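Take a look at the letters that make up each chain.
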Amino acid sequence: MKTLSRKKVRELLTLYLDERLDETSKATFRAYMLSHPDVEAELEALRRQRELLRSKPQVDPNEWFWQRLSVRLGEQERHAQSVFPFSTKYVPVAATLAVAIVGLLGVLAYQRRAGIENYFFEKKDYVNTIYQKGILQGNLLPLFTNLNKDQVLQFALFGTLPVDAEAKTALRVDENKKDGARIELAENETRKHPAVTVEEFCREIEVTPQQRRSVDSILSSARDRIQESVFLGENKSLAVHADLAKYNRMMISHIAANLGQQQRKRFQKFLVASRSPYTFVVSTEAPMMPRAAAPPPERSSIEQFVVITPDSCAITQLRINLRDLQQRVTATSGNFRVIDERAHALMREMASRRVPVHAPNPQLSVFSGSGYLGIRVENGALTHSSDEMPFEVIAREPQAIHFRFESQEVQDMQQMLEGRARPSVPMVPGESPLPPGSAGVEQVPGHRGLDLDSVISAPRDRRTQVRPAQPRRRHPSPFEL
Amino acid sequence: MSETNKNPQRMVDQAIAHETRPPAQVMDDEALITLFQSGDEGAFRQLVEKYAQRVRNLVYSIFNDPSMVDDIAQEVFIRVYEGLPKFRFESSFYTWLYRIAVNKSRDEMRKRKAKRFLSLHALLENSNQELQTKLRVHQEDNDAKELVSKALQRLPEKFRVPIILKDIDGLSYEEMAEVMQCEIGTVKSRLSRARGMMRRILTPLLAER
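Residue numbers (the numbering used here), protein chains in the order written: chain A, 1 to 481; chain B, 1 to 209.
Just so you know, not all the hints are guaranteed correct.
Here's a subset of chain B near chain A, in silico, CB distances under 10 Å, partners left out [stated by the list, open to error]:
#1 45
#2 70
#3 74
#4 75
#5 144
#6 146
#7 147
#8 148
#9 168
#10 172
#11 173
#12 202
The set of hints was computed from the structure by calculation and includes no laboratory data. None of the values given here were measured: they were computed from a predicted structure. The C-beta atom is built at its ideal place from N, Cα and C for all residues, glycine as well.
Build the full structure now, drawing on both the sequences and the hints.
Following this line, the structure appears as structure tokens:
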């Protein structure tokens, strides 16, 4: 019979000894043992070993086992019920000690209060500065983070959003069929609009409580969209959502659609009284009665943005993790000076270059001058979202909506006609307006996000270049950490 | 379990009541556990009395130290007392009990290893042969059994437990797998190796005699 391995024999011996072999295997192994006396001897040794183990002395019974166990169980229960991790007889001593220690620490702290206060004050500022630097550095930051509904209503009525605390810098937008989208970031905004609040507005229009809820809902939805629409990069770059320019008109249109016939008339009067440049046209097919408020459409996470840097501009698709960015900004305890500084730095840089932009097919133009930065996007340059506009919102007067950059635009046109303007040159690959990998920004597959190559590979009519007056210099990536 | 049932005084009262109760009909584990879960503390005592000696022997076999048997066995039953209200009969009571006992013993072994604990018994065991001869007089057969206990102590824990469960307590492979929380294949291989190791340790010890 074939000799089995040592390991196999050991396993079979165990199974044989424990009677875990079936009859056939048992017979085969028995036959194997007959031809291998050493294995049989080993089996005998294991049997003897098992006998010895079974007859091993056992511990003497303990008659008091239950009594002792029940005492321990009782102690266990009492311990579980006790608040203190020690015997209750020590409670007075522990309490006295605790009071004495707290008192002593209190006296010491009082004696050294000035030093302690200074220490924490210095540390607080230091920690806060480091923390905010860490959060803000290298990140794309939303320009608007904490808009209230009154500001959103003002935006609806005038198309203007204050950027800094004193509202001297503002973002103005507009979009219509004739001029396309116009976006302007301007310092020293002198046009003052009456401060209109949602309360006053609703009182003037005499809205019902249900309509008030609809107005609130429209403003909230618009606020969220606005806050998700303008971002500033670290090194003088700006990304504006392509749809931002039409949100103000959309709000007027949706609010009007939620009103009754008389209320719409009051709304139109209100627009005139508050010197809003807009009014809306009630078509004959428009419902006489207010319509039910529709839920705001969901916005896609990948959207078209106009991206401006001192050297280039492009319409591109960005996927921005807004929640992450907003959390980061919230974590800076509302210190948004950094964001304002970025906006002003971009304007200053653009103004210092004084570079009118002309493209062979100028669907996207950027204008800059003293204290302003203007963007014009021709109709057809953008793929518009399918947001519904229940009523057409128009300018009350032809020149009611004027942008500062438009004056510059006229001058540029004159210069061009006189043959003094520089021709635009196609953008060359080399540097990225907003490089991929920036915090909060992700490249869009197929569009390659903010990579300059993706901008280059876009249709020619969707890109243009800001040609600097001075020699080009390499700008560090706006999101480099 | 209700608060009343956890009251220690009530437990003592029930224990006294149990003492004076006429001999109860022998009940199976499941019935006793159901009784305990419905608030009868006396049922717990019956379970303890039924299994205390088996648990104590198991602990003794693992440590070969009578001085620590009761402490560990008590810990085991305290854990059983705490866990019994949630016992769902997914395994038999005694395999669950054995599992707790083996786990407690493992914990204790780890503690002892960490503290380099040396019990009085171990000191006695390791003291010189002359003193042992003076203290204890054994018959030859008893000596052989003592040697088995010593050999058992030389096995690593993961081989000591299966040999105790099988050769001393007579558990089936399936029950051992449940207690050791492993596959039956692991049980077989560990047992096979443990017996081989045991034999290699015992052979020279027995030859010295």
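These are the hints, each one checked on the structure:
1. 45: Hint on residue 45 of chain B: holds, closest Cβ of chain A at ~6 Å, below 10 Å.
2. 70: Holds. Min distance 6 Å.
3. 74: holds, 5 Å
4. 75: With a closest approach of 9 Å, the residue 75 of chain B hint holds.
5. 144: holds, 6 Å
6. 146: holds, 7 Å
7. 147: holds, 8 Å
8. 148: Residue 148 of chain B check passes; min Cβ-Cβ to chain A is 4 Å, inside 10 Å.
9. 168: holds, 5 Å
10. 172: holds, 9 Å
11. 173: Holds. Min distance 7 Å.
12. 202: holds, 6 Å
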